[in-house]
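Undergrad: Here is what each chain is made of, one letter per residue.
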Amino acid sequence: MRSIPNVAAVVTALLLVVGCQGLPSDSERLTERTAPVEYNSVVFTDYNLQRTWSDGLLGEGGRYRLSVERHGQRRTETGTTEVFAVIRNHTDADYTLEARTHFVDRDGVPTDADAVWKRFTASANGLTAYREYSTSDQPLQYRVEVREVR
Amino acid sequence: MTRFPLPAGAVRALVPFAAAALLAGCAGNQVENVAGTPTVYEDPETTGRVGGVGIESQDVVAMTDEMMRDMLRNRMLAGRDVPPRVIIDNAYLDNESSSVINTNQLTDRLRIELNRAANGRMVFVSRESADMVQQERDAKRDGVVDSGTIRETAAQAGADYRLRGRITSLDAVDRDSQTQSRYTQVTFEMVDLELGTIVWSGLYEMRKAAQDNVLYR
Numbered sequence: 004m005r006s007i008p009n010v011a012a013v014v015t016a017l018l019l020v021v022g023c024q025g026l027p028s029d030s031e032r033l034t035e036r037t038a039p040v041e042y043n044s045v046v047f048t049d050y051n052l053q054r055t056w057s058d059g060l061l062g063e064g065g066r067y068r069l070s071v072e073r074h075g076q077r078r079t080e081t082g083t084t085e086v087f088a089v090i091r092n093h094t095d096a097d098y099t100l101e102a103r104t105h106f107v108d109r110d111g112v113p114t115d116a117d118a119v120w121k122r123f124t125a126s127a128n129g130l131t132a133y134r135e136y137s138t139s140d141q142p143l144q145y146r147v148e149v150r151e152v153r
Numbered sequence: 008m009t010r011f012p013l014p015a016g017a018v019r020a021l022v023p024f025a026a027a028a029l030l031a032g033c034a035g036n037q038v039e040n041v042a043g044t045p046t047v048y049e050d051p052e053t054t055g056r057v058g059g060v061g062i063e064s065q066d067v068v069a070m071t072d073e074m075m076r077d078m079l080r081n082r083m084l085a086g087r088d089v090p091p092r093v094i095i096d097n098a099y100l101d102n103e104s105s106s107v108i109n110t111n112q113l114t115d116r117l118r119i120e121l122n123r124a125a126n127g128r129m130v131f132v133s134r135e136s137a138d139m140v141q142q143e144r145d146a147k148r149d150g151v152v153d154s155g156t157i158r159e160t161a162a163q164a165g166a167d168y169r170l171r172g173r174i175t176s177l178d179a180v181d182r183d184s185q186t187q188s189r190y191t192q193v194t195f196e197m198v199d200l201e202l203g204t205i206v207w208s209g210l211y212e213m214r215k216a217a218q219d220n221v222l223y224r
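Going down the list, the sequences are from chains E and V.
Mapping of the first sequence onto the numbering used here: residues 4 to 153, in sequence order.
Mapping of the second sequence onto the numbering used here: residues 8 to 224, in sequence order.
Hints are supplied without guarantee of correctness; some may be wrong.
[Unchecked claim] Covered by chain E, per the in silico footprint, the following chain V stretches (three or more residues, Cβ under 8 Å):
no.: 1; segment: 72 to 78
no.: 2; segment: 81 to 88
[To be verified] Pair ranges (Cβ atoms, derived):
no.: 3; chain 1: V; residue 1: Asn111; chain 2: E; residue 2: Pro142; range: 32 to 40 Å
no.: 4; chain 1: E; residue 1: Glu35; chain 2: V; residue 2: Arg144; range: 22 to 30 Å
no.: 5; chain 1: E; residue 1: Arg73; chain 2: V; residue 2: Ala161; range: 51 to 59 Å
[Unchecked claim] Here chain V is said to cover these stretches of chain E; the calculated rule only asks that three of the stretch's residues, wherever they fall, bring their Cβ under 8 Å from a Cβ of chain V:
no.: 6; segment: 31 to 42
no.: 7; segment: 73 to 81
no.: 8; segment: 116 to 127
no.: 9; segment: 131 to 139
The set of hints was computed from the structure by calculation and includes no laboratory data.
Backbone N, C-alpha and C fix where the C-beta goes; we use that ideal spot for every residue, glycine too.
Go ahead and model the full structure; you've got the sequences and the hints to work with.
TA: Structure below.
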């Protein structure tokens, strides 16, 4: 009967390890997969870079390699919109990223030129800035998507 | 090894729970995270199945898009009350790099995307169409054809600015691994055709390394 506590301990340890690993980036239960689309935001479409969940083994959780320090927009001299996002790399490795910005008008209608992926590097443990400009001189909202170059 | 067999009654009691769990897994509105059907088409914005160190489709798209957006935030090009007349073609875009590329791909995409996005903030002069236009003008003035439905002008449009640029590269090869690296720099400048001053500049640079034996044509 002494082995029963041992088995329980092993099972508990396994559960803890599994719980600590969290959900993988291809899990269907990640919050980001079904989160409503919001504008004036920056999102990681590559869930290896950042992911969260609410129904893991130990409840809510998340993993991140990169994060968004700040983002915003302002008007240029010609009235077009400049969007910026400052990305922080929390890892010891450089990440080659690509990002694109969807511009929509106040009604959420895409009005600008098609969004194109722009490549840049996030240095290890550093900050890097991504910038994009609209082609339209109308007031716009934005949604920046970031992923790792593959 | 000590075993703890479950009583048969306990197993029977677990069966309904297992069945319910299976059904619960199938029910509901869930994400189905599987890949679609393979296709021969590839997104020109991303590196496809064949990738090397040269200038590729994703570079052409990203480069021209970046230049277009940058030009449209320049006050001298896109903020004038009277839209400037510009020429964008490859007549003065020199490829001095080791990459094989038809420079028309760069200037054509840049001009077309810019023309669509500018929406009247710039006027584009087609200098490569000058002969074609002159031929029609002569025919109208000689009475071979009528004058058309729009105005007549004393001459074809003169331009305010013209694009010029240069593609250069720096190659390196690791003799042990045969990995090839290429740093490519593409410059664009919009030149004032009266003063010779540069009113806008753009730079696109990249460095790629690959072992693939890719042949560009």
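Undergrad: Holds or violated: the 22 to 30 Å window for the beta-carbon distance between Glu35 (chain E) and Arg144 (chain V)?
TA: Roughly 60 Å apart at Cβ, these two residues miss the hinted range, so it is violated.
Undergrad: So is the segment 72 to 78 of chain V in contact with chain E by the C-beta rule, three or more residues under 8 Å, or is the coverage claim wrong?
TA: holds (count 5)
Undergrad: Verify the coverage statement for the segment 81 to 88 of chain V against chain E, using a C-beta to C-beta distance below 8 Å and requiring 3 or more qualifying residues.
TA: holds (count 4)
Undergrad: Cut-off 8 Å, C-beta pairs, minimum 3 residues; does the coverage of the segment 131 to 139 of chain E by chain V stand?
TA: holds (count 5)
Undergrad: Do at least three Cβ atoms from the segment 31 to 42 of chain E come closer than 8 Å to Cβ atoms of chain V?
TA: holds (count 3)
Undergrad: Holds or violated: the segment 73 to 81 of chain E covered by chain V, criterion of 3 or more residues with Cβ-Cβ distance under 8 Å?
TA: holds (count 3)
Undergrad: How about the segment 116 to 127 of chain E: do at least three of its residues have a C-beta closer than 8 Å to a C-beta of chain V?
TA: holds (count 5)
Undergrad: Using the beta carbons of Asn111 (chain V) and Pro142 (chain E), state whether their distance is inside 32 to 40 Å or not.
TA: holds, 36 Å
Undergrad: Honestly, do Arg73 (chain E) and Ala161 (chain V) meet the 51 to 59 Å range at C-beta?
TA: About 55 Å separates the Cβ atoms of Arg73 (chain E) and Ala161 (chain V), which means 51 to 59 Å holds.
Hint compliance for this structure: hint 4 alone is broken.
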